[in-house]
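With chain A's structure known, arrange chain B on it following the hints.
Those sequence lines, one after another, are chains A and B. Counting from 1, one number per residue, gives the positions in the first sequence under our numbering. Counting from 297, one number per residue, gives the positions in the second sequence under our numbering.
Source of the hints: derived by calculation from the structure; they are not laboratory data. Since this is a predicted model, take the numbers as computed values, not measurements. Watch out, some of these pointers could steer you wrong.
To be verified - Lysine to any residue pairs mimicking SDA-like chemistry, simulated, CA-CA at most 20 Å apart:
#	chain 1	residue 1	chain 2	residue 2
1	B	Lys350	A	Gly292
2	B	Lys345	B	Glu324
3	B	Lys336	A	Phe207
4	B	Lys346	B	Lys331
5	A	Lys235	A	Thr203
6	A	Lys246	B	Glu355
7	B	Lys325	A	Leu254
8	B	Lys316	B	Glu334
9	B	Lys331	A	Asp116
10	A	Lys293	A	Asn230
11	B	Lys336	A	Gly274
12	B	Lys331	A	Glu122
13	A	Lys293	B	Glu373
14	B	Lys331	A	Leu118
15	B	Lys325	A	Leu288
16	B	Lys346	B	Leu374
17	A	Lys246	A	Gln231
18	A	Lys246	A	Glu183
19	B	Lys331	A	Glu183
20	B	Lys350	A	Gly271
21	A	Lys235	A	Gln257
22	A	Lys293	B	Asp354
23	B	Lys350	B	Lys331
24	A	Lys293	B	Thr362
25	A	Lys246	A	Ala265
26	A	Lys246	A	Gly292
27	B	Lys336	B	Asp354
28	B	Lys350	A	Arg273
29	B	Lys350	A	Lys246
30	B	Lys325	B	Lys346
31	B	Lys331	A	Ser115
32	A	Lys246	A	Pro227
33	B	Lys331	A	Thr203
34	A	Lys293	B	Asn317
35	B	Lys350	A	Gly274
36	B	Lys331	A	Lys246
37	A	Lys293	A	Thr222
38	A	Lys240	A	Phe207
39	A	Lys293	B	Gly356
40	B	Lys350	A	Leu254
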Amino acid sequence: MKQLLLSFFYLFTGLTTFSQEELRFVELGSESAYCRIYDYQNGNGSVYASASGGVPDYSYQWENLSTGETSMSSTWGGLNPGDYRITVTDNDGNTLSETITVDSLNPIANFDVISDDLDPIEWGYIGTAPATVTFVNTSLYFANPLVPIADTIFYFQPEATEGGTFYESYPLLETYTYNYGGEFDACMVALTDNGCTDTICKTIGLFGPLTIGEESSSNLITITSQPNSNQISIKQADVKNGNLVKIYRLTGQLILQEEIYSNTALLPFTGTRGIYIFEFYENDSMQLIGSGKFNY
Amino acid sequence: MKKLTFILFGILFIVTACKKNHTCTCTEKYTGLEKNYETKTDSIIEGMKKDDAKVLCDEGDIPAQTIMTETIVTDCEL
Numbered sequence: 001m002k003q004l005l006l007s008f009f010y011l012f013t014g015l016t017t018f019s020q021e022e023l024r025f026v027e028l029g030s031e032s033a034y035c036r037i038y039d040y041q042n043g044n045g046s047v048y049a050s051a052s053g054g055v056p057d058y059s060y061q062w063e064n065l066s067t068g069e070t071s072m073s074s075t076w077g078g079l080n081p082g083d084y085r086i087t088v089t090d091n092d093g094n095t096l097s098e099t100i101t102v103d104s105l106n107p108i109a110n111f112d113v114i115s116d117d118l119d120p121i122e123w124g125y126i127g128t129a130p131a132t133v134t135f136v137n138t139s140l141y142f143a144n145p146l147v148p149i150a151d152t153i154f155y156f157q158p159e160a161t162e163g164g165t166f167y168e169s170y171p172l173l174e175t176y177t178y179n180y181g182g183e184f185d186a187c188m189v190a191l192t193d194n195g196c197t198d199t200i201c202k203t204i205g206l207f208g209p210l211t212i213g214e215e216s217s218s219n220l221i222t223i224t225s226q227p228n229s230n231q232i233s234i235k236q237a238d239v240k241n242g243n244l245v246k247i248y249r250l251t252g253q254l255i256l257q258e259e260i261y262s263n264t265a266l267l268p269f270t271g272t273r274g275i276y277i278f279e280f281y282e283n284d285s286m287q288l289i290g291s292g293k294f295n296y
Numbered sequence: 297m298k299k300l301t302f303i304l305f306g307i308l309f310i311v312t313a314c315k316k317n318h319t320c321t322c323t324e325k326y327t328g329l330e331k332n333y334e335t336k337t338d339s340i341i342e343g344m345k346k347d348d349a350k351v352l353c354d355e356g357d358i359p360a361q362t363i364m365t366e367t368i369v370t371d372c373e374l
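Just chain A, same shape as in the assembly (with noise of 0.2 Å):
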């Protein structure tokens, strides 16, 4: 009798604790640090754990590898990127340990490219001027969503110009009309409170009439055709007594003279589209003062 009592009892334990969920985690990971340029700076990211199984309650403690910098709670943040080990302990004093890696996110500029003028192509996008195109922002990890005094400035400018000391600002969303032919690189810069930064370029190219080339032109002299009015709009730095301007066919056919006394005017120019050549004269010496070609 005192056999089978013995033999119950041990079944009983044996059920028992093969009934016993083993410590195990029932949550376990980590939000990205993001992108910082000194010590001081803080990444944002975290780590967080949770036990299950075992014998309740547990204790947490977390412990980053890299400086040993410990936190007794399950929840860890204000992390820099780095290996952080969780060992978790039951009431039993049972132990469970893993380690996490918190990585870093780079911010990424990028904006889309909107309009019903322009058609998407290998390197960019393509039309014919005047082209109204719309730009969408979708930068990514530019602002951790853990912190949300994350102030990103995006710098945008539809036509950057090469060797630009910094680009003009815009909003995030931004509606722009090319009105000339050319190619074009629209470009955004991105710069996180951390000082890190990304930019992106896209080439918009576009047909139809030219703005002047530097090389064809005169830097005080800017020609604009507008060739819904039949009207050229001629703009001038430098007006004295006036200037003479003419203006040619390819073929070398005087087709316009007017001389100029303000430093913008508008002259009414019925030639076909295509190109045509101008000169620039100060009116009372008759000398050169600018040349060049411009589309109509």
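The following block gives chain B in isolation, referenced to the frame of chain A:
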């Protein structure tokens, strides 16, 4: 006098005969990476001598413009 009138009528006939309608055909040719096409557009130049009509027609020419891999050109012929 009769002779002079005859000559004048003759000149008038020749001038009138030269001034007629001409068809100016402009061909826009596009060559590029992903598309190539050619479109022709006819326009009538009315009551003009052939040489003048040719000058007017040629004004429709748009020199070839190349953007990266894409080229467009318009050539007008009488």
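Hint by hint, here is what the structure shows:
1. B:Lys350 with A:Gly292: violated, 27 Å
2. B:Lys345 with B:Glu324: violated, 25 Å
3. B:Lys336 with A:Phe207: Cα-Cα ~19 Å, so holds.
4. B:Lys346 with B:Lys331: violated, 36 Å
5. A:Lys235 with A:Thr203: violated, 28 Å
6. A:Lys246 with B:Glu355: OK: lysine 246 of chain A and glutamate 355 of chain B at ~19 Å, within 20 Å.
7. B:Lys325 with A:Leu254: violated, 29 Å
8. B:Lys316 with B:Glu334: violated, 28 Å
9. B:Lys331 with A:Asp116: holds, 17 Å
10. A:Lys293 with A:Asn230: Between lysine 293 of chain A and asparagine 230 of chain A the Cα gap is close to 18 Å, so the pair holds against 20 Å.
11. B:Lys336 with A:Gly274: holds, 18 Å
12. B:Lys331 with A:Glu122: The hint holds at about 12 Å.
13. A:Lys293 with B:Glu373: violated, 24 Å
14. B:Lys331 with A:Leu118: The hint holds at about 14 Å.
15. B:Lys325 with A:Leu288: Between lysine 325 of chain B and leucine 288 of chain A the Cα gap is close to 38 Å, so the pair fails against 20 Å, i.e. violated.
16. B:Lys346 with B:Leu374: Given that 20 Å is the threshold and the Cα spacing comes to 8 Å, the pair holds.
17. A:Lys246 with A:Gln231: It holds: about 15 Å lies between the C-alpha atoms, which stays within 20 Å.
18. A:Lys246 with A:Glu183: violated, 28 Å
19. B:Lys331 with A:Glu183: Within the cut-off at roughly 19 Å; holds.
20. B:Lys350 with A:Gly271: It holds: about 16 Å lies between the C-alpha atoms, which stays within 20 Å.
21. A:Lys235 with A:Gln257: holds, 16 Å
22. A:Lys293 with B:Asp354: With a Cα-Cα distance of about 19 Å, the restraint between lysine 293 of chain A and aspartate 354 of chain B holds, given a limit of 20 Å.
23. B:Lys350 with B:Lys331: violated, 31 Å
24. A:Lys293 with B:Thr362: Holds, at about 17 Å.
25. A:Lys246 with A:Ala265: Roughly 14 Å between the alpha carbons, so the hint for lysine 246 of chain A and alanine 265 of chain A holds.
26. A:Lys246 with A:Gly292: holds, 11 Å
27. B:Lys336 with B:Asp354: It holds: about 15 Å lies between the C-alpha atoms, which stays within 20 Å.
28. B:Lys350 with A:Arg273: Cα-Cα ~16 Å, so holds.
29. B:Lys350 with A:Lys246: violated, 25 Å
30. B:Lys325 with B:Lys346: violated, 25 Å
31. B:Lys331 with A:Ser115: The hint holds at about 19 Å.
32. A:Lys246 with A:Pro227: Roughly 18 Å between the alpha carbons, so the hint for lysine 246 of chain A and proline 227 of chain A holds.
33. B:Lys331 with A:Thr203: Distance ~18 Å between lysine 331 of chain B and threonine 203 of chain A Cα, so the pair holds.
34. A:Lys293 with B:Asn317: Violated. Lysine 293 of chain A to asparagine 317 of chain B sits at ~33 Å, over the 20 Å cutoff.
35. B:Lys350 with A:Gly274: holds, 16 Å
36. B:Lys331 with A:Lys246: Given pair lysine 331 of chain B, lysine 246 of chain A is violated - Cα atoms ~39 Å apart, limit 20 Å.
37. A:Lys293 with A:Thr222: holds, 11 Å
38. A:Lys240 with A:Phe207: violated, 36 Å
39. A:Lys293 with B:Gly356: holds, 18 Å
40. B:Lys350 with A:Leu254: Holds, at roughly 19 Å.
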